[in-house]
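Student: Spelled out, the chains give:
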Amino acid sequence: MKFAIQINGAPYQCQASDSAYQFIRAALRKGHEIVRVFFYHDGIYNGLGYAMPPDDERPVIGRWSALAREHGVDLVICISAAQRRGLLSEEEALRAGKADQDLAEGFRIAGLGLWVEACLRADRFLVFGG
Amino acid sequence: MPVRKNFLFVLRHPPHGGIQAQETLDFVLTTAAFDQTVRLLFLDDGVFQLKHGQRPEAIGFKHIAPIFGALQLYDIEELWVEEESLRERGLTAEGLILPVRLLSRRQVAAFISTQDIVVSC
Chain A
21 MKFAIQINGA PYQCQASDSA YQFIRAALRK GHEIVRVFFY HDGIYNGLGY AMPPDDERPV
81 IGRWSALARE HGVDLVICIS AAQRRGLLSE EEALRAGKAD QDLAEGFRIA GLGLWVEACL
141 RADRFLVFGG
Chain B
856 MPVRKNFLFV LRHPPHGGIQ AQETLDFVLT TAAFDQTVRL LFLDDGVFQL KHGQRPEAIG
916 FKHIAPIFGA LQLYDIEELW VEEESLRERG LTAEGLILPV RLLSRRQVAA FISTQDIVVS
976 C
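As you go down the protein sequences, you meet chains A and B in turn.
Numbers in this note's numbering are just positions in the first sequence, counted from 1, shifted up by 20.
Numbers in this note's numbering are just positions in the second sequence, counted from 1, shifted up by 855.
Everything hinted at is true.
Short, incomplete list of chain B residues facing chain A, as computed with Cβ under 10 Å:
(1) 857
(2) 858
(3) 862
(4) 867
(5) 868
(6) 873
(7) 874
(8) 878
(9) 882
(10) 885
(11) 971
(12) 974
EDC-like, lysine to aspartate or glutamate: derived pairs with alpha carbons at most 20 Å apart:
(13) B/906 x B/949
(14) B/860 x A/143
(15) B/860 x A/137
(16) B/906 x B/878
(17) A/22 x A/94
(18) A/22 x B/971
(19) A/50 x A/143
(20) A/22 x A/137
(21) B/860 x B/932
Don't read these hints as lab results, they were simulated from the structure.
Since we're looking at a predicted model, the values are computed, not measured.
Glycine residues also receive a C-beta, built at the ideal position from the N, C-alpha and C atoms.
Isolated chain A, as found in the complex (with noise of 0.2 Å):
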């Protein structure tokens, strides 16, 4: 079956990111599809490439970017929202006069469309966090 994934809530704050992740590994290991994560409202804080947890607790952000890399889950988050919170892509940081690169791996920015187009794909929509 094909997932379409949405998360709204922010690491450490509340459930939404580690119950989102936990049903990901379990649907691949299971011969499931996802389609896409999209991160939205809070759910944008998810893409943080600067967090730097202690050894000892599990790695939320760094755990997605290894998603990313092992089972080439696309990670999308939305511009409007992550603008608006100050993550910023390398591409839209040049461009506002901001040079960095805040994006963790295995992430990218996009617009709500590539959502409404999950949703078209996917068998089933699930959100993670009110």
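Got chain A; can you put chain B on it based on the hints?
Tutor: Coordinates of chain B only, in the frame set by chain A:
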């Protein structure tokens, strides 16, 4: 891949607690702009989003009522409101900024089950 699905956005947050309501409306309008069928369902504190006579400018918030006014331009005509959510908050359908269709609490689950994509927000 189907080119069109029925999207139902379930709005449960009050309008000016954060940016949630405003970002949800971006979501709603974009989905409609992609030629999808869009319906809104207001539940719980979400019904406050439609309350008439708000002045959020006073606390530096953007007024979202004009965005609701634009829904019709995007062919979004079905705004559903749960009756009990209104009543429990002392509101009436007449005190809302747009005409709505009322749904009772016991009808909500069946209504949701008829949609293709349900977005809780």
